[in-house]
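Enquirer: Residues per chain, in single letters:
There are 2 protein chains.
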Amino acid sequence: MNEDEAGSQYPLEPSAQEMRAMGEHALDVLVRFIEGLRASPAVDLDGADEVVRLLGQPPSEHGRPFPGLFDDVARGAAKAFNTTGPGYLAFIPGGGLYAAAVADFIACGFNRFVNVWHAAPGFAQIEWTVIRWLDDLFGLPPGSGGILTSGGSMANFSAIATARHARLGEDFLDGTLYFSAQTHASVSKAAILAGFPQRSLRAVPATPDLAIDVEALREMVQKDRADGLRPFFVVANAGTTNSGRVDPIADVADVAREEGLWLHADAAYGGFFQLTERGRTLFRGIEACDSITLDPHKGMFLPYGTGSLLVRDRAQLREAHHVGAAYLQDLFPESEIPNFADSSPELSRDFRGLRVWLPLQLHGVDAFRAALDEKLDLTQVLYDALRSTPGFDLRWPPDLTVVPFRYRPRSGNAEEFNRRLLERINASKRVFLSSTMIDDRFVLRVCIVSFRTHRDRVEEAIDIIRSSAAELDR
Amino acid sequence: MNEDEAGSQYPLEPSAQEMRAMGEHALDVLVRFIEGLRASPAVDLDGADEVVRLLGQPPSEHGRPFPGLFDDVARGAAKAFNTTGPGYLAFIPGGGLYAAAVADFIACGFNRFVNVWHAAPGFAQIEWTVIRWLDDLFGLPPGSGGILTSGGSMANFSAIATARHARLGEDFLDGTLYFSAQTHASVSKAAILAGFPQRSLRAVPATPDLAIDVEALREMVQKDRADGLRPFFVVANAGTTNSGRVDPIADVADVAREEGLWLHADAAYGGFFQLTERGRTLFRGIEACDSITLDPHKGMFLPYGTGSLLVRDRAQLREAHHVGAAYLQDLFPESEIPNFADSSPELSRDFRGLRVWLPLQLHGVDAFRAALDEKLDLTQVLYDALRSTPGFDLRWPPDLTVVPFRYRPRSGNAEEFNRRLLERINASKRVFLSSTMIDDRFVLRVCIVSFRTHRDRVEEAIDIIRSSAAELDR
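Going down the list, the sequences are from chains A and B. Note that this note's numbering gives residue 374 to position 369 of the first sequence, counting from 1, and the numbers run on in steps of one. Note that this note's numbering gives residue 446 to position 441 of the second sequence, counting from 1, and the numbers run on in steps of one.
If we strip away everything but chain A, and leave its shape as in the complex, we get (with noise of 0.2 Å):
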């Protein structure tokens, strides 16, 4: 028997012949996908039962051919929010480029361990360039680093757990997290399951243009330590997903440094607009951060799943989650590539790396820099279209891809009338936004960050979101 056709008689070890095959119907469903996306709807859940019935079959005994199942798994893919089309305005946009695919591919089949750089030293330098490229960015010092995270979430997590053990210690209930009331919800549940009491969550008031009121930063703090408790750790958004507005981070960074608490910036959205002169002006003062989220399958319009945290003392963040165990003894110690096993709440987990590293050492810097200044100018021309039209009010300039809107009917009840209206655009199915309450009303949302988002999708949605307030303001 030949040694590499041994496998052939074990199911789950397809011939050459059969992977080129499934890798071939893959390559085709997956490419036909993306070159649909500007004609398919914006959102479809016409039928969706349907598919999730069909979904729903537990496995069988004995499997079934690929190319049925992918053609199963493309009807899916269908009835659903299209999120990597032109169209999708609403939540935060999530990416989807090609090259990311195609470098998860490769990466699930290699199947190599980065999370010890010993056990794959060149895909751990890999996510080492990830990381100190970021820095880079952010004007970390020497000594800064980071993880890649499955997202947003438990980067602000590994944040808080770092700071609550950096600055408080084992016995850290009277510990206080201070952010605004337009801060993303996943860092209140950061705090929550790193073991915070819901009473050690301050929401500081925002001012009338939705930034962190500093002022009754400093106040909170002072109140706080007054009585008794400790505060530590302040959050600037570099970009809120309600509005998109960017605190200002050198105030915050002001009040950090005088009160003695970590600074984080949750940057998951807004981020990589760092690449962008726009964005280096808005957050200014960020390079003072003890931490930094940020989201790559948002800015860099990467898959779900690419997440990252940036410290500014890469020793800190391994106190806060490294254990040691016997089983790992063969594992060298950290090299100039660190063990983000031991910096990370993740001992095994995906190889994020690649999915980020290949398509910025593939398109290059500027082409991500240029998609980012393109949706602040697609910002701005739908700002400048709704506000110069009669009825809608959009009382928050946009600082980066967010645009807040509300209408303002001749007649009947506000609330009801901008709730119809949301339903009445998205069903379009051009263009699908979504909505959120601020200062307790209801306000429709655009947020432009789909690297597929050009001018001709930006023009049609003003289109649509003005026709449809005018049929319903009859």
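Keep in mind the hints are simulated off the structure, nothing from the lab. Hints should not be assumed to be uniformly reliable.
Note that identical chains are pooled: a pair holds if it fits in a single copy or bridges any two copies.
Below, computed lysine to any residue pairings styled on SDA-like, alpha-carbon distance capped at 20 Å [as the list claims (entries may be wrong)]: (1) K434 / D335; (2) K434 / S472; (3) K434 / H123; (4) K228 / Y15; (5) K434 / D54; (6) K228 / E55; (7) K434 / P253; (8) K434 / L50; (9) K434 / A475; (10) K434 / L280; (11) K228 / P72.
Chain A is already provided as a structure; the job is to place chain B on it using the hints.
Expert: Below, chain B alone, put in the same frame as chain A:
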């Protein structure tokens, strides 16, 4: 401008032709890699410095062509522990089923958001189908549920966070957790990240056969309670990483019931042997657990990054993890399919479900069962062969597929001899073993979990281990 061609002016949107070329190249790289696995070294770090240097270059402004990039990546894969190859018998081998790599390629390209069901009902159902299948496999009752995680570490974390919330409330620093000294370090790490101080962790002694000492457990719990502490969490190992030993789960369950503890099974390594008759016998009592950690990237041979947590009561999982947010108000409430984001620490994350579901649907359950049964058989073959060889000390008969062993040299320091023995075996580059400490002594261990490890390679391993010992013991 034709709609379908509009993307070509944007570098992040390659044409269909470019996508096909890149996909074909990746397919070729991966199929050649997999075809070469039986002949390639089990470990190869010679010249790793060179690939580290190569892959350490920061991204350029304008990118570079993909064929060179893929070649660099393939060079990085070669200089590593060959985690996907048949000779990898170290740590807990990872998987790397080809079908899973194809699944991730599609999943990343489609880039659907599965963590709230309404955004992609069919794909959320795919994950729920997997979870339901797992709950059924372990005999969990109606009302059970679970989540897919990045691995066992995060599954253990969510188990502890859930138990903490359900049993202790917000002021939990007097809670105490119990697990045998043979338990995986991720349990301690998870407890510490969830806020428990070191003083709350109880290492229960192991019996001479390395299982948890159930009587010692009971006494420790009772003493702690008498001291005013709140015992609340106990771990039963369904296969330890160190030795593969299975704790007497039914006996631990009795203590848990009598003492009111949350019963958690860490079945990250061993859980999928539940598919086999031998596994089900060993795991008797596991259906009583409140939570079970499983790693499909181990026992289902999937790529790293594919873990899961099963819970008896999915309402408790949700209560511990749920935080609301205004900008998610458009999402439908839970239906038959849960919003996984509400039951896990993560909001955005990768679509892990497809890389479990697709191989399972494609190959069928029986292919996995047969592969696991084969691993149990191969382990017995290796154990019997070494045990019958003079000089080898095999004091722990394998429950599952880990064989810890030592060699008793005729003269000299045994500890030193065994360290040299490991080096010599691994220098063969045909098999790769690791070591651990048991009872403060250095022990080699073989762990047979790769789906690509078959009888031929195990016989080769036996020959290499025997001849290496004989050569050293002249």
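Enquirer: For each hint, tell me whether it holds in the structure or not.
Expert: Taking the hints in turn, this is what the structure says about them:
{"no.": "1", "hint": "K434 / D335", "in the structure": "between (56 Å within a copy, 16 Å between copies)"}
{"no.": "2", "hint": "K434 / S472", "in the structure": "within (14 Å within a copy, 69 Å between copies)"}
{"no.": "3", "hint": "K434 / H123", "in the structure": "between (50 Å within a copy, 16 Å between copies)"}
{"no.": "4", "hint": "K228 / Y15", "in the structure": "neither (68 Å within a copy, 53 Å between copies)"}
{"no.": "5", "hint": "K434 / D54", "in the structure": "within (19 Å within a copy, 52 Å between copies)"}
{"no.": "6", "hint": "K228 / E55", "in the structure": "neither (57 Å within a copy, 56 Å between copies)"}
{"no.": "7", "hint": "K434 / P253", "in the structure": "neither (37 Å within a copy, 57 Å between copies)"}
{"no.": "8", "hint": "K434 / L50", "in the structure": "within (10 Å within a copy, 53 Å between copies)"}
{"no.": "9", "hint": "K434 / A475", "in the structure": "within (18 Å within a copy, 73 Å between copies)"}
{"no.": "10", "hint": "K434 / L280", "in the structure": "neither (32 Å within a copy, 45 Å between copies)"}
{"no.": "11", "hint": "K228 / P72", "in the structure": "neither (65 Å within a copy, 60 Å between copies)"}
Going down the numbered hints, you'll see the structure goes against 4, 6, 7, 10, 11, while the others check out.
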